[in-house]
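K.L.:
Below are the chains, spelled out letter by letter.
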Amino acid sequence: MADAPKHNAEDYLRMYRQMVRIRTFEDNANQLYLSAKMPGLTHMYSGEEAVAVGICEALRTTDKITSTHRGHGHCVAKGAEFKEMFCELLGKEEGYCRGKGGSMHIADQSNGNLGANAIVGGSMGIATGAAFTAKLLGKDDVTVCFFGDGATAQGLWYEVMNMAALWKLPVIYACENNGYSEYTKTDEIAAGSIMARAEAFGIESHQVDGQDVLAVNALTEKLVERARKGEGPFFMELMTYRYHGHHVGDINREYYRSKDEEKDWKENRDPIIRFRSWLVAEGIASEEEVEAMNAEIKDDAKAAVDYALSAKYPDQSEVDMHVFTDVTHALA
Amino acid sequence: MREITLSQAVNEALAEEMRRDETVFIIGEDVAEAGTPFKVLSGLVEEFGTSRVVDTPIAEPGFMGIAVGAAMTGTRPVVDLMFGDFIYLIMDQLCNQAAKTHYMSGGKLNVPLVLRTNLGATRRSAAQHSQSLHALVAHIPGLKVALPSSAYEAKGLMKTAIRDDNPVVIFEDKLMYQDKAPVPEEEYLIPFGEAKVLREGSDITLIGTSSMVQVCQKAAEALEAEGIFAEVIDPRTIVPLDEATLLASAKKTSRVIVVDEGHQSFGVTGEIASRINEKAFYHLDAPVLRMGAMDVPVPFSPALEDITVPTPEGVVENARRLVRGEMIHAA
Numbered sequence: 001m002a003d004a005p006k007h008n009a010e011d012y013l014r015m016y017r018q019m020v021r022i023r024t025f026e027d028n029a030n031q032l033y034l035s036a037k038m039p040g041l042t043h044m045y046s047g048e049e050a051v052a053v054g055i056c057e058a059l060r061t062t063d064k065i066t067s068t069h070r071g072h073g074h075c076v077a078k079g080a081e082f083k084e085m086f087c088e089l090l091g092k093e094e095g096y097c098r099g100k101g102g103s104m105h106i107a108d109q110s111n112g113n114l115g116a117n118a119i120v121g122g123s124m125g126i127a128t129g130a131a132f133t134a135k136l137l138g139k140d141d142v143t144v145c146f147f148g149d150g151a152t153a154q155g156l157w158y159e160v161m162n163m164a165a166l167w168k169l170p171v172i173y174a175c176e177n178n179g180y181s182e183y184t185k186t187d188e189i190a191a192g193s194i195m196a197r198a199e200a201f202g203i204e205s206h207q208v209d210g211q212d213v214l215a216v217n218a219l220t221e222k223l224v225e226r227a228r229k230g231e232g233p234f235f236m237e238l239m240t241y242r243y244h245g246h247h248v249g250d251i252n253r254e255y256y257r258s259k260d261e262e263k264d265w266k267e268n269r270d271p272i273i274r275f276r277s278w279l280v281a282e283g284i285a286s287e288e289e290v291e292a293m294n295a296e297i298k299d300d301a302k303a304a305v306d307y308a309l310s311a312k313y314p315d316q317s318e319v320d321m322h323v324f325t326d327v328t329h330a331l332a
Numbered sequence: 001m002r003e004i005t006l007s008q009a010v011n012e013a014l015a016e017e018m019r020r021d022e023t024v025f026i027i028g029e030d031v032a033e034a035g036t037p038f039k040v041l042s043g044l045v046e047e048f049g050t051s052r053v054v055d056t057p058i059a060e061p062g063f064m065g066i067a068v069g070a071a072m073t074g075t076r077p078v079v080d081l082m083f084g085d086f087i088y089l090i091m092d093q094l095c096n097q098a099a100k101t102h103y104m105s106g107g108k109l110n111v112p113l114v115l116r117t118n119l120g121a122t123r124r125s126a127a128q129h130s131q132s133l134h135a136l137v138a139h140i141p142g143l144k145v146a147l148p149s150s151a152y153e154a155k156g157l158m159k160t161a162i163r164d165d166n167p168v169v170i171f172e173d174k175l176m177y178q179d180k181a182p183v184p185e186e187e188y189l190i191p192f193g194e195a196k197v198l199r200e201g202s203d204i205t206l207i208g209t210s211s212m213v214q215v216c217q218k219a220a221e222a223l224e225a226e227g228i229f230a231e232v233i234d235p236r237t238i239v240p241l242d243e244a245t246l247l248a249s250a251k252k253t254s255r256v257i258v259v260d261e262g263h264q265s266f267g268v269t270g271e272i273a274s275r276i277n278e279k280a281f282y283h284l285d286a287p288v289l290r291m292g293a294m295d296v297p298v299p300f301s302p303a304l305e306d307i308t309v310p311t312p313e314g315v316v317e318n319a320r321r322l323v324r325g326e327m328i329h330a331a
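As given, the protein sequences belong to chains A and B, one line each in that order.
My numbering puts the first residue of the first sequence at 1, with every later residue one more than the last.
My numbering puts the first residue of the second sequence at 1, with every later residue one more than the last.
Bound conformation, chain A alone (with noise of 0.2 Å):
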């Protein structure tokens, strides 16, 4: 583990808290999966964990995230609660979304989480525009744009570094890098280096162990304190793994990545096993508070799942709602 920057016991404490939420949560996705109680597929963000976790905690309710398709994990860490979660995951009313986003867009907007995006790429345009809302009115307010390394294929994402870095703007480009761009090696899909393409544009960039929660905080908080001062943009590339396939129906995945990995990963790198380690050798929580908060959590995702299971769906007459702002039922 990196050199913990200065926090008290209680922020290492919603850490772990939130990075056991994260993987808790998903458990419970894949199981609705797989007995069919779920509507759709989605794309698990398990062993990603310390990535968002160490990146939101850096983060005030009001700085803004843009999430992925893979954006459970972004959507928990920026302060997201079970019941609304598992509820949009079920097309349910009392979702997040009331239902119409799903998987792929779930958020919890009222924490400054501006939607998990379905296209690849799709919101680096969004976040790099909060940030631009952040300058023009004069807010100290920060902006994490999430993405995958498949993502930086995508042209938008230049277009929109060369406005950041010509204006300033307070984004910061978070490069989830887990090897694989849905079904095929990054290796095959990345020309030259990541890193290399950001600092073309004159920002700052800096790789850092993804599965190293207090190693990502770190760097994020430093960041982002500068990011509020104007020093921005700046690009992260964070280096991490994904335990699933690229959604949860790529169960059999043997021809593009080795089973040897994927165990040497969640058996060596596991960013929550890490952390747990270094919170027990710390003092800072004994093994059986840890099971305690595994449990507790355990529990808390268990009703969350029945609560939605059980919840209404929405009434069909809220098809043509929220197409236009001020129009109750578009086709009215």
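This list has only true hints and no planted wrong ones.
Cβ-to-Cβ under 7 Å is the rule here; a few derived chain B residues that face chain A: (1) 92; (2) 107; (3) 108; (4) 142.
From chain A, some residues computed to sit far from chain B (all C-beta separations above 10 Å): (5) 7; (6) 79; (7) 202; (8) 251; (9) 256; (10) 292; (11) 309.
Calculated cross-link-like contacts (lysine-lysine; reagent style DSBU-like; alpha-carbon spacing at most 30 Å): (12) A:135 to B:108; (13) A:312 to A:83; (14) A:302 to A:266; (15) A:302 to A:263; (16) A:222 to A:168; (17) A:83 to B:108; (18) A:37 to A:298; (19) A:266 to A:185; (20) B:159 to B:196; (21) B:159 to A:139; (22) B:39 to A:168; (23) B:39 to B:159; (24) B:108 to A:37; (25) A:139 to A:229; (26) A:312 to B:108; (27) A:135 to B:159; (28) A:135 to B:39; (29) A:312 to A:302; (30) A:298 to A:83; (31) B:108 to A:302; (32) B:108 to A:168; (33) B:108 to A:139; (34) A:263 to A:185.
Derived from the structure by calculation, the hints contain no laboratory data.
Each residue gets a CB set at the ideal place from its N, CA and C atoms; glycine is no exception.
Place chain B on chain A using the hints.
P.N.:
The following block gives chain B in isolation, referenced to the frame of chain A:
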């Protein structure tokens, strides 16, 4: 009343709204010192500065995306897209992002932005600078679409668009920027979804959009000389569409021609004609006729380009045949 050009009308609308609301800003290519190639924005950067009249690199998806994010977080961007033809470049940001954000968030996020761009052929600019692509945008739920037909309309619709909390796309006819019309000094807004009856008539209804309103007006004058009285209607916005006014006129005159500069197939003319057929069928004495631009890429040569768009003469000829009761199977 004073007369000003369509270009001045748009400029005034923007200046007034920028004075009224400091969250309004303009973003696009060469919008500041250059004031756009059409000089529509001249003088704005001097009053509002480069932080609110923002020149961008030539990167349409990038600045459109930035505008979407800015709109979602408390500002009202007016995006300047130099030519309507470039709309293909920004389709993801416009149609997947701006149009769907309010819906996908269950009504929690808004995207109050205006995309101002243009349409119109016969400027000898060939196939990539002459298209009228408003039907593409009107097809996507979540986007409002305004088509000003004069300086007066351009100012009132622009001001309404800027105050709207939804994404609005305004297509100005690039051949009309120097056209003058009476525009009051006092402030006014034009509500969306209210068609304007420009001329009353009893024999046939001519529905025209954008510069095709002028085409319909000229046709109506010529028809009157022959004793055929045409009603001319400008929908002003095609999303929302004032169906009631169009249907009432169709029921009154029993004959309708819809004239629009977009390609005729799968376009605005077909949509309006279809709604009239569905809802006023038993009141009609003739099939509703579509007159759009020819289904060919816009050619450069004046000899070819001029025949691709509807003309007053063409409207007169079709109107005559409809009134005489001649079945028309193709325009």
